[in-house]
Structure formats: C-alpha cells, structure tokens
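Kindly produce the complete structure, drawing on both the sequences and the hints.
Given next are the chains, with one letter for each unit.
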Amino acid sequence: MRAPPRLPAGLPLGLALLLAPAPASAQVRAVDLYAPRPFGYTIGDTIDLSAEIALDAPFLLDPAALPRPRALTYWLDLRDVRLDDEGVADGVQRYTLHLTYQTFYAPLEPKRLDLPALALTAVDGGRRIELAVPSWSFLMSPLREIVASAGGTTMALRPDMAPPLIATAGTRRHLMLALVGALLALLALAWHLGWGPFGRRRARPFARAARMVAAEIAAAPASPPAYGRALVALHRAFDATAGAGVLAEDLPGFFSAHPAFAPVEGEVRRLFAASRRLFFGEDPAAAARELAPEDVLALARRLRAVERGSA
Amino acid sequence: MRLVREPDSILSDWRARALRVESEIGKVVLGQARVIRLLTIATFARGHVLLEGDVGVGKTTLLRALARAIGGAFERIEGTIDLMPADLIYHAHLGEDGKPRIDPGPLLKQGEDLSVFFFNEINRARPQVHSLLLRLMAERSLSAFNREYHFPHVQVFADRNRVEREETFELPAAARDRFLMELQVAMPADDAARRSLVFDPRFHNVDTLLGEVAAGILEPEALETVARVIQIGITTSPALEAYVMALWEAVREPHAHGIHVDNVDMARLVQGGASPRGMSYLVRAARVRAWIENRDMVVPEDVRAVFPEVMAHRIFIDPVYEMRREALVGDLIAGVFARVPAP
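In the order they appear, the protein sequences are chains W and B. FYI, in full-length UniProt numbering the residues of the first sequence are 1 to 311. FYI, in full-length UniProt numbering the residues of the second sequence are 1 to 343.
Source of the hints: derived by calculation from the structure; they are not laboratory data. One should not assume that every hint holds.
Far from chain W, some chain B residues (derived; all Cβ distances over 10 Å) [as the list claims (entries may be wrong)]:
| id | residue |
| --- | --- |
| 1 | L11 |
| 2 | M187 |
| 3 | V299 |
| 4 | V340 |
Reference listing, derived: stretches of chain B covered by chain W, where coverage requires no fewer than 3 residues with Cβ under 8 Å from a Cβ of chain W [as the list claims (entries may be wrong)]:
| id | stretch |
| --- | --- |
| 5 | 47-57 |
| 6 | 329-339 |
Virtual Cβ for every residue (Gly too), placed ideally from N, Cα, C.
In structure tokens, the structure reads:
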C-alpha cells in the first residue's frame, strides 16, 4: 500500500485564501444592458429594456429580489418584469431580464429623464452578493407646442382611426375545405347507413348466398352439415328477397310477387322439398337424392343470375 | 293391441275418417273450411275449443254438426247470469208424487260417456260456473252426489259473442289458458256461399240440415288412443324444436327481435303469457295438422297454421292496448313469423 503523497507546506494557506469570501466582482461576470433608441418618446410610450446577467456558476439570482411591476414614481410605471434563465455554460450562469417601463411624463420641451438603476441579489446557499442593473436616460418630447400658432381649438378630438381590415382569404379557404370535408363525411355516413336514396340501392341477397354456397360446397361436398348450411344460406336469401320468412307453402305467393323467379320454379320447389327432408325429416340421404350438393350450387348461381336480371 | 301394432295403418285409416268428418261438416257449414280444419285438429289433439264471433254466423250449427259427426253422448247448456254450478250438475224438481227430487243435471245426465259438452254463451255465466268448468276441462272430472265422476272422453266446446258486453263476465286467464284454441268465426267471405246461405231453403231449418251429416264417424272411446298414436308417430326434428323455441322467445320479447307493430311501443306491448302449457298445446296441434296433411314430420307450416288460434289468447298485452287486442296480437304474430327464420 502506497503512502498518500505528501502535501507541500504552503498549501493550507493557499486553501484558506481560496475559501475566504471573495469580493463581489469576482462572482458577477457581467451585467449588460440593451436599450432601444434614447430619444423620441412621448407621453404614454412603453420602453423595453433587457439586461443580460452572467454569474459564476453556484450563484443564482434571488427571485424574491426582483422588482415587482408597480408605479415607480408619479410619472413612471414598471409594467412588466420577466426573467429568462439561459442555463449554465462553461461555469457561467446566464440570465436575461426583460423590463417594460411606461412613461407618463408631460414635458413642455424636450427633456432628459432617467430610468433608475435596479438592485438585484444573487445567492449561493449561505452567501449573498449584490449586483445592479445600471440606470439609463432618454429624451422625452412634448406632444404639442406650448402656445398654439394655428387657429381653431387645439384640444378638439381627432376622428377615430378607421378599423384595420383583416385578411380573410385564408380563413375562407379553410372554411370551404372543412365544409366540403364535412359534406363528404355525411355522404359516406348516409351510404353506410342506407339513408335517403342510398336506402334504395338494391341488396343482392342471392349474390351473397351464392358465395356462401360455393364456399360450403367447395369445402366439404359430401358433408351433411355443410350441405345444411348451404341450404340455410339460400333460405335466408329467399327471406331477404321476400322481406319475410318464406316457407314451402308460401312459394306460390313468392312467385307471383317476384315473377322474375318463375323460370326456376321447379328447382326452387325441389330445394324446399330437400330442405324439408333434411331439417324436419332428418333424412340427409333423401335430401341429397332430391337435390344433390352440386345442384344446390348450380341453383344458387341461377338464382344469382335471375336476381341480377341476366338470366 | 291392434292400435299399437300397426300404427301406420291406424293413422292412415283415421286420417281418412278425419277428412270425412271435414267434408260432412262442410256440406252443412259453408265457407268455413279453415275453422272446420282447426276444429278437427282440436278434436284429434283432445283439446277444448272456445268459439268467438258475431251473432248468427253459424257457431252453434257448426258445433252441433261436429258433435253429430264425432258421435257419442252430447249435452249443451246456455250460459245465463243466474246459472250456478249446481244447475250444471243437479236437476231439482217436484216429482209426480209432489215430493222434491234431485236428479242428475246436464253434465251428469249422459253418465261418464259424455263426449261433447257444448257451453253456449259462456261469458254470460258467473265466475263460479267458470271454475267448475275449469276443473272439468283440466281434470275431466267433477264431484257430485258424494262421489267423483270421471269423463275420460269429454271435449268442451264453448262459444261467446263479442258484440254484447253487458251482464257478461270475462273468462279468467286460467280458464282461457285451458282451451286449446280460441277460434274466430267470421262471415263466409265467398259470395256464392253467402248467397246460398240466404236463399237456399236447405239452410232454413237447422235440425233437418244437421240430419244430412253422417252421424258417429269417429268413435269417442277410441279418439284418446288415436290422439296418443298421432303424438307418438309424428316426429319433430331438432331444427323444428329450435324453430318453436325461437318463436316462443320472439313472442315474449318482440322488441329484442326487431318486430314492429304500427303505433305500438314494442317494449311494453307484451306483458307475459305464452305459457309452457300453451307451447305444448301448440306442438300437439301442429303434430295433428302434420298428420292430417299426410306427413310423418312436423314442418314450420304446421306450427304457423295453428299458431294464432292456439297462442293469441295466451299472450297478455298491456292494458293500454287491450281495446285493439285482436288487431295488435294478429300483427305481432305475423311479425314473429316474418322475422323468425326457418329452418
């Protein structure tokens, strides 16, 4: 184990010097004041000043020491105080302090006025240092001459300013786009829910049934459950076309109400006979003899063609 | 026993007899083919029937013709406001020797072989009489002269007209539930039938007219057995059972099945009813109808053909809609059959 390196004899004194409270100027790097033009102000004008403050890193501005917006003198108001923290870089804490003053001084002739200096405080745990935003002076001008040279009443009210026109072309374009979008969305909704003219769009129950029958028969040509599902799909298509349940005894009424289906009457009767045997007689073999699965598919396609009006 | 050994030939033999009964009644009652068919179904389902209709449309003639065709002992009584249960059972009178006598009344006069009991104008009788009738219909028995009387073959037909409401008593729901069917007898729609009913002198005297009906085509003692053979011999498939269950569900919860009746709040229309007994009656009647149609299986058409008559009076609707009951329940049942898919 190595012994710790020996300290030079003069070090304790140097450390003590470093730790002793340093003069304030050592912690405040800079206070730079940025001001607008120093002339040409009239009564009621606002003056925006900003001050960039740089502190040595552990120091922070004490927010409690910031001035509050208030009337400073009978003619000067502090309207707004805003402190932006710019963060720490290279061991320097930077701030930007924005100050907005408003002057109500009414000079008779151009006159130099002073914005007073501001005292701020920075703290670092236990230590406090004072710093100051410097004062600034500007020239204020009167609004009117001392003795009126022109005739008429100098104090007459000026006419009101005409209201400025707001550019509306962009808003108008956005409104039109939004309206068109809303209309399209409404049309889509109406189509989806079958409102108005969309309600009359022809449902094609047999087209759907033909797809289902083809799927069932192709999946399992010889299985009674698939055959049964195929028949049920066709029954639902008949129900949807008639608008009510269609039983075998209702077929004469169905054909007189939908004469387009008359050419397939014989096959439809066989379909109903087969489904009666399958579902109520529980005799799948007899049902398949009455109407084979391939015939069901052929019939479904013929019914779809009739429904399309192309049979 | 022969009935059990050859059920198929028994069924086809009795089917011929049932069709003969229909044609015999059809000779004297014109334009009522549907009502006659339903009465035949009720007879072979061994169910009691309540007929409703206007005055003078032939309800009584129809029932007398049916009783004659069925054969066996027949009794009838007129409902009046002062009719008491004892009047049905006992006949109190003074004998020739001047002493008071108690003899068997209309119900007991024919003994226990009574096959058809016809209660005319049932809604004029008091609730006491209805409750006696309730027992007769449900248990086919009654107590009199300190003993039990059993009527194994009795079938009760009752009628009432809907025109008058004064001095009438509404049948209790329990009594109505025991009727297999409530049949509406309307005027014949056919113009030729109306014409001959009015102008043909044949129809002027009911007694001679009924003489044309062949008597005793069915044997009342055998009907019970035939009815049982029908119920066993006609099959119901699982698909049909599912269909009937779906119908039942739709009648009890029409709004849940998207059934709509004009100007009616469907959520409150049906208050209850459609009892399990009603559904079992429905299947019984549907089996008989399948048998008469010469099928050995029940199909949805059978259920639909008997549904209004068997079920309409068992559906209890909100009192607000009670006055329009017939139209609303008719629409409800039509909606149920339009919406419930078969198979």
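Are at least 3 residues of the stretch 329-339 of chain B within less than 8 Å of chain W when you compare beta carbons? holds (count 3)
Hey, is M187/B genuinely clear of chain W, shortest beta carbon separation above 10 Å? 24 Å, holds
Counting residues of the stretch 47-57 of chain B that have a beta-carbon nearer than 8 Å to any beta-carbon of chain W, does the count reach 3? Per the Cβ count (0), the hint is violated.
Please check whether the beta-carbon of V299/B is more than 10 Å away from every beta-carbon in chain W. Given that some Cβ of chain W is not farther than 10 Å from that of V299/B, nearest at about 5 Å, it is violated.
Given as non-interface: V340/B, which should sit over 10 Å from chain W by C-beta: Check fails; 7 Å does not lie beyond 10 Å.
Beyond 10 Å from chain W, beta-carbon-wise, is L11/B? Answer for L11/B: holds, closest chain W Cβ roughly 16 Å.
Comparing the model with each numbered hint stated earlier shows that hints 3, 4 and 5 do not hold.
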